[in-house]
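Peer 1: Given next are the chains, with one letter for each unit.
2 protein chains.
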Amino acid sequence: MPKKVDHELRREDVGRAAYLVIAEKGLAAATLREVARKAGMSSALMVHYIKSKDQLLLAAHEYSAKLVRRRMQAIEKKHQGLEAFRRIVWESLPHDKERRGIFKLWLGFWEMAGQDPQVRAKLNAGYRESQERYEFHLRKAQALGELPPNLDIAFCAWSASVFLDGIGVQTLLGDNMISSQMQKKHLDGWIDAALQSPNSLRKAVGAARPKKPSKPKLSRARRP
Amino acid sequence: MPKKVDHELRREDVGRAAYLVIAEKGLAAATLREVARKAGMSSALMVHYIKSKDQLLLAAHEYSAKLVRRRMQAIEKKHQGLEAFRRIVWESLPHDKERRGIFKLWLGFWEMAGQDPQVRAKLNAGYRESQERYEFHLRKAQALGELPPNLDIAFCAWSASVFLDGIGVQTLLGDNMISSQMQKKHLDGWIDAALQSPNSLRKAVGAARPKKPSKPKLSRARRP
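Listed in order, the protein sequences are those of chains H and X. Take this note's numbering: the last position of the first sequence gets the number 224, and nothing is skipped along the way. Take this note's numbering: the last position of the second sequence gets the number 1224, and nothing is skipped along the way.
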């Protein structure tokens, strides 16, 4: 069935092209026309694969998620426990041009998450995947005796996402564009500190996962 | 000169209305028409004050920045050193409906910073103002003997912004919407830990402020 194969290959080409354009320019400035050119196809043909900006974002994400996942798995083959955790978080930091590009995709998710439930679902699936990966390695580090047994693993894993998002914003949007060296210093500081904080050593209040507040009053626009 | 006064009052009304609408719906879903209605004026009249989405954002920001500044100054009258610092960071956390609203303005800045140099300049002026405020209180805490003398103040102040942005993203965009209680736990954990990390106790590499890397290769779209 050669037609089927073509179709899937093309879809991958489109995802790769979308990723490259967004990583270069950001979602707001990326156009379907430019993605078509990058993918080496006509705009008319590309419309079969991508019709809107959110589809552009999702296609780019699908491509980049595979890329990132493969790198994390490579780290996991060589390292474990705290060292694996440290390298995985480092891998996600926007510490070089390529990784700043991948972070721009996340900015795109934030831009569209308020308006598009599908984008929001993907964004949260991404956070959950990271959370699980962080928890896995922190538990392993605990088992290896690298971390105290009473560490609140879910809390620490989740605060890794807080740390990453914060660095990402400051690096990509703030004028204080942070050097790679400075990001490393922040990462090491955060790991050393976060995993030793008295708060990390107590289990989270109520449940391991942060709970929704009793009155979720955010507007529908932002929480579809 | 009654005309002049009217004009300024109206400008403030528009800023307040813009703030209320963005805080409720987010920038993407806010319309000029709705802001006009909220300000109690016709769309035709409002066009004299606001013509575009970035102007909407900037007007809302001007209003909310005054509001927030006044609150911080009230904290500074009652508290000093580490306690003032802790309360000021807490004030900025999206821990209730109103403060989540103010944080939505920041999301608006992130959305537009890549495309509009004026928005980006305001965003960075905001970060600088916070940075200075944090540094001031951390130095005071040092002088009071609450913090070690070799603490890297600029690094710690800056990592407070990283912390705040990260919590903001996770609270407003992630599904793990974090309770106020959980934000408090994160804040206390971060303060206890960050200010004791071995990395915080060393001066930043090179300079106190993070420096731009030698090859600032981000695309123009994101760094105008």
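Derived from the structure by calculation, the hints contain no laboratory data. Check each hint, because a few of them may be wrong.
Unchecked claim - In silico DSBU-like links for lysine-lysine, alpha-carbon gap of 30 Å or less:
#  : chain 1 : residue 1 : chain 2 : residue 2
1  : X       : Lys1051   : H       : Lys53
2  : H       : Lys122    : X       : Lys1053
3  : X       : Lys1053   : H       : Lys53
4  : H       : Lys66     : H       : Lys184
5  : X       : Lys1078   : X       : Lys1122
6  : X       : Lys1051   : H       : Lys25
7  : H       : Lys53     : H       : Lys77
8  : X       : Lys1025   : X       : Lys1066
9  : X       : Lys1066   : H       : Lys122
10 : X       : Lys1038   : X       : Lys1051
11 : H       : Lys122    : X       : Lys1097
12 : X       : Lys1140   : H       : Lys184
13 : X       : Lys1038   : X       : Lys1053
14 : H       : Lys51     : X       : Lys1077
15 : H       : Lys97     : H       : Lys78
16 : X       : Lys1140   : H       : Lys51
17 : H       : Lys122    : X       : Lys1025
18 : H       : Lys25     : X       : Lys1122
19 : X       : Lys1122   : H       : Lys97
20 : H       : Lys184    : X       : Lys1051
21 : H       : Lys53     : H       : Lys38
22 : H       : Lys25     : H       : Lys77
23 : X       : Lys1066   : H       : Lys184
24 : H       : Lys97     : H       : Lys66
25 : H       : Lys25     : X       : Lys1053
26 : X       : Lys1122   : X       : Lys1077
27 : H       : Lys53     : X       : Lys1122
28 : X       : Lys1078   : H       : Lys53
29 : X       : Lys1078   : X       : Lys1038
30 : H       : Lys140    : X       : Lys1184
31 : H       : Lys122    : H       : Lys78
32 : X       : Lys1053   : X       : Lys1140
33 : H       : Lys184    : H       : Lys53
34 : H       : Lys51     : H       : Lys25
35 : X       : Lys1025   : H       : Lys25
36 : X       : Lys1025   : X       : Lys1140
Predicted, not measured: the structure shown is a model, and the values here were computed from it.
Peer 1: Next pair to validate is Lys1038 of chain X with Lys1053 of chain X; report whether the Cα-Cα distance is within 30 Å.
Peer 2: holds, 16 Å
Peer 1: For the pair we were handed, Lys1025 of chain X and Lys1066 of chain X, check the Cα-Cα distance against 30 Å.
Peer 2: holds, 21 Å
Peer 1: Can the restraint linking Lys25 of chain H and Lys77 of chain H be considered satisfied, given a maximum Cα separation of 30 Å?
Peer 2: violated, 33 Å
Peer 1: Do the alpha carbons of Lys53 of chain H and Lys77 of chain H lie within 30 Å of each other, as the hint requires?
Peer 2: The given pair, whose Cα atoms are some 36 Å apart, is violated under the 30 Å limit.
Peer 1: Mind checking the alpha carbons of Lys1140 of chain X and Lys184 of chain H for me, to see if they're no more than 30 Å apart?
Peer 2: holds, 28 Å
Peer 1: Between Lys53 of chain H and Lys1122 of chain X, does the CA-CA distance stay at or below 30 Å?
Peer 2: holds, 27 Å
Peer 1: When you check the alpha-carbon spacing of Lys1078 of chain X and Lys53 of chain H, does it fall within 30 Å?
Peer 2: With a Cα-Cα distance of about 49 Å, the restraint between Lys1078 of chain X and Lys53 of chain H is violated, given a limit of 30 Å.
Peer 1: So if I understand the rule, the pair passes when the alpha-carbon distance is 30 Å or less; does Lys51 of chain H with Lys25 of chain H pass?
Peer 2: holds, 19 Å
Peer 1: Are the Cα positions of Lys1078 of chain X and Lys1038 of chain X separated by 30 Å at most?
Peer 2: Distance of about 35 Å is beyond 30 Å: violated.
Peer 1: Lys122 of chain H and Lys1097 of chain X: Cα distance at most 30 Å?
Peer 2: Measuring from Cα to Cα gives roughly 25 Å; hence the hint holds.
Peer 1: Taken at face value, is the distance from the CA of Lys1122 of chain X to the CA of Lys25 of chain H at most 30 Å?
Peer 2: Holds: Lys25 of chain H and Lys1122 of chain X sit about 21 Å apart, inside 30 Å.
Peer 1: Could you grab the alpha-carbon distance between Lys1025 of chain X and Lys25 of chain H and see if it respects the 30 Å cut-off?
Peer 2: holds, 27 Å
Hints 7, 9, 14, 16, 20, 22, 23, 28, 29, 32, 33 and 36, counting from the list given before, are not met by this structure.
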